[in-house]
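Enquirer: With chain R fixed as given, assemble chain F onto it according to the hints.
Here the protein sequences come in this chain order: R and F.
Going by the numbering used here, the first sequence opens with residue 1, and the numbers climb by one from there.
Going by the numbering used here, the second sequence opens with residue 1, and the numbers climb by one from there.
Just so you know, the hints here were simulated from the structure itself, not pulled from any lab data.
Keep in mind that this is a model prediction, so the values were computed, not measured.
Please note that a few of the clues may not be correct.
As the list claims (entries may be wrong) - What the simulated footprint calls covered on chain R by chain F, stretch by stretch (three residues with Cβ under 8 Å from a Cβ of chain F suffice, anywhere in the stretch; the number is not a length):
(1) 30-41
(2) 45-52
Claimed, not checked - Simulated DEER-style distance windows between Cβ atoms:
(3) R:GLU81 - F:THR83: 35 to 41 Å
(4) F:LYS13 - R:TRP94: 29 to 35 Å
(5) R:GLU9 - F:LEU11: 28 to 34 Å
(6) R:GLY16 - F:MET54: 48 to 54 Å
(7) R:VAL106 - F:ASN84: 28 to 34 Å
(8) F:LYS3 - R:GLY16: 32 to 38 Å
(9) F:ASN84 - R:LYS63: 37 to 43 Å
A virtual CB, placed ideally from N, CA and C, is assigned to each residue, including glycine.
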Amino acid sequence: EDQVTQSPEALRLQEGESSSLNCSYTVSGLRGLFWYRQDPGKGPEFLFTLYSAGEEKEKERLKATLTKKESFLHITAPKPEDSATYLCAVQTSWGKLQFGAGTQVVVTP
Amino acid sequence: DVKVTQSSRYLVKRTGEKVFLECVQDMDHENMFWYRQDPGLGLRLIYFSYDVKMKEKGDIPEGYSVSREKKERFSLILESASTNQTSMYLCASMVASRYEQYFGPGTRLTVT
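Just chain R, same shape as in the assembly (with noise of 0.2 Å):
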């Protein structure tokens, strides 16, 4: 069964404080691997995609990476701004995606 896991569940960083969140996933065929952001009361906003093992993409203090298992965001010099729950979803078939429960992450000054 296709499954994503996300942790931790909830993160709080000083602002400076780098730190990174996995997504582990178990599906069979990956299409794609992706990261949102979400706000509070919002609708997801999209962040990355990834595609095959290795790859890495990066926006600002944000970047994302991929193995064959498991996907990380490394936040580098979090501010207060970067305080949004983080959300991993796979492609499990076409165009379906299944996503992990989510990462909170607050920064404070």
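Expert: Leaving out everything else, chain F in the frame of chain R:
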């Protein structure tokens, strides 16, 4: 930029009412999706559509139906709203070549 809009941010309905949630995208995407998001359960796919008048059931279609009469518009219908359909409803539109889904702002539906 992809823009996905949803007809209401907040909606309060009574049990038994028929509810329409509308979603519009401006990027000429063929593929559109409806999800619901609940604490502890994450995002779950209700229905999706890969073309006008085409629809496919997702993981939790019971109690819902959809309509896609025009390419840019995808509607979710609750035939007879029940309290267990109180949730955040999210619409998404997909870039088919990259499988990237872009979400609308969501509709927080409360059924009393």
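Enquirer: Take the hints in turn and mark each one as holding or not.
Expert: Consistency of the hints with the structure:
1. 30-41: Holds, because 5 residues of the region 30-41 of chain R bring their Cβ atoms closer than 8 Å to Cβ atoms of chain F.
2. 45-52: holds (count 3)
3. R:GLU81 - F:THR83: 35 to 41 Å: 36 Å, holds
4. F:LYS13 - R:TRP94: 29 to 35 Å: Hint holds: Cβ distance 33 Å, inside 29 to 35 Å.
5. R:GLU9 - F:LEU11: 28 to 34 Å: 29 Å, holds
6. R:GLY16 - F:MET54: 48 to 54 Å: 50 Å, holds
7. R:VAL106 - F:ASN84: 28 to 34 Å: 30 Å, holds
8. F:LYS3 - R:GLY16: 32 to 38 Å: 34 Å, holds
9. F:ASN84 - R:LYS63: 37 to 43 Å: Holds, at about 40 Å.
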